[in-house]
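We have chain A; now place chain B onto it with these hints.
The primary structure of each chain is shown beneath.
Number of protein chains: 2
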Amino acid sequence: MDFQLTVLGSSGAVPAWGRFPSAQVLRVGHKVYLIDCGEGAQMRMQQLGVRPSRIKQVFISHLHGDHILGLMGLLQSMSLMGREQPLTIFSPPGLRQMIEAFQQALSGKLRFDLQFVALPLNAHEQIFEDGHLSVWSFPLKHHHMTVGYLFREKVRARKMRPECISRYQIPFTDIPAIKAGSDWVSPQGQRLPNTLLTKAPPPLRSYAYCCDTAWEPKIVPYIAEVDLLYHDATFSETHAAQAAETQHSTARQAADIARRARAGALVLGHFSARYPDINPLVEEAREVFPNVWAGLDGTSFSLDFRSKTLSVTGPGRELVWSGG
Amino acid sequence: MDFQLTVLGSSGAVPAWGRFPSAQVLRVGHKVYLIDCGEGAQMRMQQLGVRPSRIKQVFISHLHGDHILGLMGLLQSMSLMGREQPLTIFSPPGLRQMIEAFQQALSGKLRFDLQFVALPLNAHEQIFEDGHLSVWSFPLKHHHMTVGYLFREKVRARKMRPECISRYQIPFTDIPAIKAGSDWVSPQGQRLPNTLLTKAPPPLRSYAYCCDTAWEPKIVPYIAEVDLLYHDATFSETHAAQAAETQHSTARQAADIARRARAGALVLGHFSARYPDINPLVEEAREVFPNVWAGLDGTSFSLDFRSKTLSVTGPGRELVWSGG
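Top line first, the protein sequences correspond to chains A and B.
Going by the numbering used here, the letters in the first sequence line up with residues 40 to 363, in that order.
Going by the numbering used here, the letters in the second sequence line up with residues 40 to 363, in that order.
I should point out that these hints are in silico values taken from the structure, not numbers from a laboratory.
Each hint should be verified, as a subset may be incorrect.
Same chains, same label: a pair holds when it works inside one copy or across any pair of copies.
In the SDA-like style, the derived pairs of lysine to any residue whose C-alpha atoms are separated by at most 25 Å in a straight line are [unchecked claim]:
(1) 95 <-> 53
(2) 180 <-> 240
(3) 257 <-> 227
(4) 95 <-> 225
(5) 180 <-> 147
(6) 218 <-> 68
(7) 148 <-> 138
(8) 70 <-> 56
(9) 193 <-> 159
(10) 95 <-> 315
(11) 148 <-> 284
(12) 95 <-> 312
(13) 238 <-> 281
(14) 95 <-> 243
(15) 218 <-> 202
(16) 198 <-> 209
(17) 148 <-> 133
(18) 148 <-> 136
(19) 148 <-> 131
(20) 148 <-> 183
(21) 95 <-> 56
Model, not experiment: these values are computed from the prediction.
Chain A extracted, bound-state conformation (with noise of 0.2 Å):
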């Protein structure tokens, strides 16, 4: 099963350099889960083959305009397309208020519903689980009331060895109370271990997107040992006071916080206009923490199944780096 964030839009505030605002998805299987919606995400989608029929959860990091001005023209062109199944939308409150205003101010209904959850700020909580993953926000530091995402897959059975159902004549019946992790007695008694029958499932693949926060340690032990973070990386050292003065983070800051929250990979992002190229912040960061990625526009990253082996592919999907 595919675990596979695509960034759909990189830039700071103020879009540059063919970098769009930031918006991206993570595909989990064949759900996809929209990440904050700046300016210009449904364009991205069409070019990446990303379809808008396919997300049903929206997850908006703030309300700055940066995150969350392309939500109205995708929402049009999902009900222009016909879309019918309903979209639940999670962010900090007030945006519920904006889109219908909006809407009316449009005077066009959407085909469909939409559901909106306000989160809880400063709490760091479960607020969504699918058959998937589960869904954590925490609070950043950022001057408006900014959350963060864990994405987490799902506790999974264990998995039956076929050999095992015919060696000892196991009845189907039998197997799901088996995968969940009982042993098995045969008709003559004779107790068979769980672990003899069953494969421990694959290692749980997980995502946190921290984006728009100041340094901030207190977040580690919401991401602790998390496989791929994305982090606030809109300056690099030699601004650190803008970083500070904005509430944004350099990207050996970000590489710090992966640092201490022993991450499997770092992905830069949000970078601000006054940087044309990115590789500067990608080696700073590296100084700090060994695998570091620039998460530019298009740019993919999927964690394989078994393995959680990293592979980064660039926009047009040409497979940039795979490794352990």
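Just chain B now, with coordinates in the frame of chain A:
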């Protein structure tokens, strides 16, 4: 002096095939006028080297999302880039309320003043003039209150023939009156006719924007003899029923309006997402009117100062065509 239209977005309501929603800029000399502002307009400006700081007036055709959803992002970026000069936005009534509600919700004040001008509907009126242009609005035929715009160079003064100044020893203080059309009487009482002393100014150039309209011959008098006409061509004739139902036009209908108006050249736009290839629409229109172009994103149309020769350049600024 330049007179150049650059298309930033050529798609209908749903962006597709690399086409962004409606937006374009008209450059006249060093001035830049923004016409509609669909989502992604600011990103297209960056791609195409259009500086937002040059824009002082915005002309919005109507309050549908695909014509205005780029405004909030553009205004925010202008403010973040330090703009202090005011911006005037012309549109049908209601835009001020939408923008102000959104600005309040985003809790970010702009550094510059916005001036809104709510246009008269169902009227053909001059709504603006500056040193270069006069701009007229007029009603189109669309579900929502929608206006077209005519941009016309202002009547320029006649030009002095420099050789006459020395030959007749004309004092410089007399020159403004001569340029304004007066004859000149020498100290000896000799009357020199204005046509001897001056040359006619180059012909005036004009551009009309008629986006989102059904076929409506009533608009022909408002755009008669226009040099360059941009007209709704959402559909091909094979989808004429959809065009009628949605109050849009087919490419052939656009050409019919251009022919009736005796326009110099026709630019097609607002293309439906159902057409990956626009060439059949251009071919269909050329059966009715010869000088037809697809106004795809990044295409520019320049009218020469003296001859009104049209030059068409593609997104990479490569010359596609030049002719009378």
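Results of checking the hints against the structure:
With identical chains, the CA atoms of residue 95 and residue 53 are at most 25 Å apart between copies only, with a shortest distance of 19 Å across copies and 28 Å within one. For the homomeric pair residue 180 and residue 240, neither the shortest alpha-carbon distance inside one copy (36 Å) nor that between copies (62 Å) is at most 25 Å. Taking the shortest Cα distances, residue 257 and residue 227 never come within 25 Å of each other, neither inside one copy (56 Å) nor across copies (93 Å). Taking identical chains as interchangeable, the C-alpha atoms of residue 95 and residue 225 are never at most 25 Å apart, the minima being 45 Å within one chain and 84 Å between chains.
For the identical chains of this complex, residue 180 and residue 147 are inter-copy neighbours only, at 18 Å across copies versus 37 Å inside a copy, given an alpha-carbon limit of 25 Å. With identical chains, the CA atoms of residue 218 and residue 68 are at most 25 Å apart within one copy only, with a shortest distance of 21 Å there and 75 Å across copies. Within a single copy, residue 148 and residue 138 get their C-alpha atoms as close as 12 Å, and across copies as close as 19 Å, so both meet the 25 Å cut-off. When the C-alpha separation of residue 70 and residue 56 is checked against a cutoff of 25 Å, the pair qualifies only between copies, where the shortest distance is 24 Å, while the shortest distance within a copy is 31 Å.
Proximity of residue 193 to residue 159 under the C-alpha cut-off of 25 Å is restricted to the intra-copy arrangement: shortest distance 22 Å within a copy versus 58 Å between copies. Taking CA atoms no more than 25 Å apart as the test, residue 95 paired with residue 315 passes in neither setting, with 35 Å inside one copy and 27 Å between copies. Proximity of residue 148 and residue 284 under a CA criterion of 25 Å is satisfied inter-copy only: 18 Å between copies versus 41 Å inside one chain copy. Within a single copy, residue 95 and residue 312 get their C-alpha atoms only as close as 32 Å, which misses the 25 Å cut-off; across copies the closest is 23 Å, which meets it.
In the homo-oligomer, the alpha carbons of residue 238 and residue 281 never lie at most 25 Å apart, since the shortest distance is 51 Å inside one protomer and 58 Å across protomers. Proximity of residue 95 to residue 243 under the C-alpha cut-off of 25 Å is restricted to the intra-copy arrangement: shortest distance 22 Å within a copy versus 54 Å between copies. In this assembly of identical chains, residue 218 and residue 202 lie within 25 Å of each other by CA distance solely inside one copy; the values are 15 Å within and 101 Å between copies. Within a single copy, residue 198 and residue 209 get their C-alpha atoms as close as 14 Å, which meets the 25 Å cut-off; across copies the closest is 102 Å, which misses it.
Both within a single protomer and between protomers do residue 148 and residue 133 lie at most 25 Å apart by alpha-carbon distance, with minima of 20 Å and 17 Å respectively. Both within a single protomer and between protomers do residue 148 and residue 136 lie at most 25 Å apart by alpha-carbon distance, with minima of 15 Å and 19 Å respectively. Within a single copy, residue 148 and residue 131 get their C-alpha atoms as close as 24 Å, and across copies as close as 20 Å, so both meet the 25 Å cut-off. In this assembly of identical chains, the alpha carbons of residue 148 and residue 183 lie at most 25 Å apart only when taken from different copies (14 Å versus 30 Å within one copy).
Taking identical chains as interchangeable, the C-alpha atoms of residue 95 and residue 56 lie at most 25 Å apart only when they sit on different chains, with a minimum of 24 Å there against 31 Å within one chain.
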